[in-house]
Each structure stands twice: as C-alpha cells, then as structure tokens.
Amino acid sequence: MKQEHQPPTESSVGAIGAPPPLTSRPSMSVFRRRLRKFRTLKRGYYSFLILAVAYAISFALPVLINNKALVVHYQGKYYFPIRQYYPASEFGMQAFGEPNYRELKVKLANEGNGNWVLMPPYPYSATESLLDLPGTPPHKPSKEHIFGTDVTGRDVFTRLAYGFNVSLSFAVLVLLFAYSFGIAVGAALGFFGSFVDIIGQRLIEIWSSLPFLYTIIIISSIVVPNYTPGRNLLLQQSFWLLIGILALFDWMAITYYVRGEFYREKAKDYVGAAIAMGVSELKIMFKHILPNALTPVVSFAPFTIVANISALVALDFLGFGLPAPTPSWGELIGEGVSNLTSWWLVFFPIGALFLTLLLIVLIGESVRDSFDPKEYSRLR
Amino acid sequence: MSTAKTPLLQVRNLQTHFKTEAGWAKAVDGVSFDIFPGEVLGLVGESGSGKSVTALSVLRLIPDPPGKIVGGSIVYKGQDLLKLSWEDIRKVRGNEISMIFQEPMTSLNPVFTIGMQIMEVILQHNDVSKKEAFDRAVRMLELVGIPAAASRMNDYPHQFSGGMRQRVMIAIALACDPSLLIADEPTTALDVTIQAQILELMLKVKDERKDAAILLITHNLAVVAETCHRVMVMYGGKIQEIAPVRELFKNPQHPYTKGLLASLPAVDGSRHARLQTIPGNVPSILDLPVGCKFVTRCPERLDKCFTYEPDLIEVSPGHWVRCVLVEK
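Sequences listed follow chains A and B, in order. At position 313 of the first sequence (counting the first as 1) the number is 312 in numbering that gives the first Met the number 0, and the numbers step up by one without a gap. At position 253 of the second sequence (counting the first as 1) the number is 252 in numbering that gives the first Met the number 0, and the numbers step up by one without a gap.
Derived by calculation from the structure, the hints in this document are not laboratory data. The C-beta atom is built at its ideal place from N, Cα and C for all residues, glycine as well. Take these hints with a grain of salt, some might be off.
[To be verified] Stretch by stretch, here's where chain B covers chain A in the computed footprint (C-beta under 8 Å, at least three residues):
id, region
1, 257-270
2, 283-296
[Claimed, not checked] Sample of chain B residues facing chain A (criterion: CB under 10 Å; computed from the structure):
id, residue
3, L58
4, P64
5, V91
6, M98
7, F111
8, Q116
9, H124
10, P156
11, A172
12, A174
Could you build the full structure based on these sequences and the hints that come with them?
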C-alpha cells in the first residue's frame, strides 16, 4: 500500500521550530583542545607517561637505590642512616667512618639478637667502588649487579639510574634558561622590528658563530668549579656553571622562530584592537602575542631536550662535563669505548640513552602533530 | 542643529603622511571637522580616500614608521591629543575614545576567553576588583544582547559567530563608558541582516549614554542615511563635502557626492536602467592632481580645476562644499 504523504502536524512544527535546549557544553581553549589531541596520539602520550613516571621515580632514588640502610633496629633503638650519619662504632662494628650497612645486615642477622637492618631494594651507591667482589673490575652482569660494574668497580645500573635523573634535570634546566632568554629576545626582535631587529639579529649571528666546544674548553680551563663531595647535585657550583654555559649557546635557535611568530602575530587585528584599548606594549607582547606564538616553542622543546642530553653526554665523554664522581652517562659511554670487550659497559649506557632519546622524540613528534591545525582545515 | 554646543572632538588641519619608496603619500591632507556630543557623524568615501587613516590618527594609532602625523591638532575635551605623551594617550584609548574594527573574526585574541578580554579593558582603566570587573563585563554582554551572558563569559572567540563577535567587540569598546566611539566599517564583514542589528545596537547604547558620540566610517550610503546626523564625504585625503544627512541626500553639491548618490541602485527605478558609475579610479595618493583632487574623474570640471582647489565653502547653514561650482 502506498503511504500517503502526511502534512506536518502542528506539534511536529513546534518541535522543529523550537530552539534546542541550552546544554552546558564545556568551554575549551585552544591549548586544552591540543592537549586532548595529544592524548589521542597513543605513541607520544604513552611515551610521555613512561618518561614522566620514570623521572618522578628518579627523585626517590636515594630510597630505592642506596648503600645506606633505611632503618636500623639495634639494641631496642631505631636508627635512620639514610637521613643521618652514624659512625660504625654505634652499631658495635670495628671500622672507621660510616659502616657498610650490607655487612652490618649480614652480621646482625647472624647474631640473631632481634637486631635488624632494612636496606633499600637495590643496596648499592652510585659512587661506591665495590672492591670486595671476586675478580678484577669491570665485573660481568650478575644477579647482584644486573648491569655489571665499571672499571673502578661501581655498579653500572646504579650509575645509570642516577645518571638518568642528572641528565634529564640538566636538560630541562638548560631548556628553561635558554628558552626564557631566547623567547624574550625573539619577542623583542619581532615586536619592535626595524633597527632593533636588524642589529639584534647581527649580534645573534656573531654570538652563534662562536665555537661552542672551544669556548667550553677555554672556560673550564680558566674557571675551576668547586665540587663538594656528598652534597646534592642541585647545590653543586659546577652543575650550575655547566647549565649556564650550555644555556649561553642554546638560546639562539628559538629566537628566530619566536621572532617570526611575533612578526606575524603583531600584524593581526587583535593586537591592533588591544593597542586601541590602551594596553601597554609590554602587556601586548607577553600577554597577548606570546600565547599565540608558543607553537614553535612547544614543538621544539622536546627536541631541544634531546640535544641537551646529547650535549651533556658529549661533554662528559670528552671530560669537560660534570665533575668526576657524578654519575653521568657520557662518562659511562667513555669507559665503554675504552673497554670495548666489556660489552655491558657499552650496551647498557648506550641502550639507556637510546631509549630515553627515543621516548622524548616520540613525545616531540606527537606534540608537533597535536599542534598542527591542518587536520581540521584541509579541503577535500 | 547642534552647532551651538561645544564640540566633543575638534580636528583641525590634520595631516597624516606615509613614507613610501616613491616619496611621501599624503593620505590625509588638511582635514578639519567637529564632532558634537550626542551626534552620529558619518565619514564616507571610496577605498583609499583616507577615511580609516583619519580615524586611526585620532587615537594616534598610525604605524610609525612609515606613517606620521605631520601637522594639525586634535582637541578632545580641551586637550590636544597630538601633544599627549604615549603614557597619557593610552589612558584615552579605550577609556575616553574607543574603536571598533572592521574584522570581528580576527579582532579577538583566540587564546583568551571573552570574559577575560572584556575584563582586561575594565581593569586597565579603572581601579576595581576582579569581581567588580567580572560583574561589569557580564552587564556589558547583556547590554549588547548576548544570551546567557554569565555562562558565555568563559567561552572562547571561536565559539562565537561573526555577528556575536562584533557584539563582543562593541561590549569591549563600551566597557569603560567612552564619550566617543569610532566605528571603522563595523558592519562591512557581516551579513546584511546582522548589519542592521549591529547598527541598531550601536545607536541604542549611544542613546543610553547622554552626550556620547559616534564617528561612523563606512562606504555604505544606506547605512549613512539610516544612522547618521551629519555626513562628511572624503576624497583624495580631503573632505569634499559636509552636510546634515537629509541635506546631503536631497541637495548634493559636490560632483563626487552626486556621483556617489547616482551610483546607488534605486529600488523604484526601471529594471533596465543602467547602474551609474563614476568613471575611472581613485587616483594614487602618490600622484594626486595639483588642483581639485576629483578633477580626473569629474564630469563638470572647468579648466581651472586642474590647477586651483577652493576651500570649503558654506552653501547653506551646516553644508560645506569644496568645489569651484559653488564659488561665487
């Protein structure tokens, strides 16, 4: 049977003509949308999670990987060697200085007086030479030392783990200083333009033609930074000196991109509107234009971190990096190269470096993709 | 009509020139006019006639270099804006004199919420708390007819349509209760139906503020007829005719004004009548005629027009014309 065409009833017309119900949809800024896009890019997002968790854990390393006991229960009293220094005599040991807590643990367990020692899960220090191991260092990977030891008998896994924190902290700090300065300079060049730009760019070109490595060699031969053993790396003078030197050579590249963005953005109507509303120049530069000019900054940052890690490795390798006992990847790779037959000295440090750099590059790639507006604007 | 009052803004012999490779371009060359409290003054002319540069010069928004205000005075409420320091002119911008631009799609910063952008101008010029600024911003959004204003404060510009964005721009421009609103082709980028709404809104908010005035820059004569009290016609960087709006439409004196009016399509005219045009193009401002600026396209020109340019001549009260034809 043929269905007859029904004229629209009054109620259905009302339904069509009625405005849609006001639903509260969340307002999303451009950055929030990009963040959401980033989360959908699984490769980069999981790389980011892995790296972020690993970096967060690396700050808890003194509790996880250390040769100092977490808790010692001795003769009814509790001791916390991880926080405080105790002489060996405190625990009835015949030794000078700090006790070897691994030995103490074995000793107290054998005595069976109800005294005990709680060691970290991986009870070795990054700067400790394990001279009591059988044979001569470097030792092959074993159950106790999963990545073996280096030429001076230090545990490679421990040094790699601490070195991870050092490398990443170093790279992020250099990035922070270099980019803050580079963005400010690029913003000024792009915003003011004309002779500020021309002179500024020439100065940057002169500066960037300074040979980085020679300058570092010269500086490190003149300035001999203090290294205070036992003090936190972040409080070491030499660490900050190296960050400063690297930052001095790292800020130029980003200025060009920020300068270009500022040139483009300052011509846009919203800047004109802000000027017409009486907003000051500084506020226009950093409040109005900068958030719109951050795309190259965010997309270059991961790759700059990669470069910074590599730079530190290179400097450590050449011996101009962080001072001697600091656990560093470059120094380990250097040892590996001079002891090629000890494969674990080559394989593990380079493997760790490769993995870290790979993760960061994957993050960088996804960040770049999530900042790419083309996906939405391409005509077909 | 309102000549008895003291003018709100008094522009005298304004000269704004731009440096180009071929020499100085006289984009605005000796423009003088008054804006009185409570009036809507129209400024019409073809592209390149110097309308926008005149408007930008009032707030000293001319990009320097290449532009430069080389002479004249702009007296606003007794003080010459051209003599103010940059610090002081910033206090005038957005506070005393506001500006609405042509492109609502790009005039809002994409990374900030609408609310933040309205609040910014309030906080810039007033010593109020953030809470007060927020409340005032919501009131401004309600005033310009944005539904559910409070909840839309947190929205970003990309969530608004063109007409809505222009309403937001008007809200920003009026947030500090300016006495003069300069609207540089505020409806050009909008749909025709939205155009009428926006113009109506501008007139409504002006009427709510006694003594506030609007300088409306447009090339749309229909808009002028509907909204303005007086009209200035600009050509070649000079004002060619100033008249009350009815007088101008009924009794245009300058050949250029006549041409502009004749080129409007008439609704009651014959379907087959050819649309009139003014022949030729606006001459390059680098190569303006020595005499009357309109001489190259004028259908009524005399020989002396090539070398001689008259001053503005008052033909009837409030109606001034720059043309040899009205010279006695």
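The hints, checked one at a time:
1. 257-270: holds (count 3)
2. 283-296: holds (count 3)
3. L58: This interface hint holds because 6 Å falls under the 10 Å limit.
4. P64: This hint holds: B:P64 lies near chain A, its Cβ roughly 7 Å from the closest one there, short of 10 Å.
5. V91: holds, 7 Å
6. M98: holds, 4 Å
7. F111: holds, 8 Å
8. Q116: Holds, about 9 Å.
9. H124: OK, holds: B:H124 within 10 Å of chain A, min 7 Å.
10. P156: Result: holds, 9 Å to nearest chain A Cβ.
11. A172: holds, 8 Å
12. A174: holds, 9 Å
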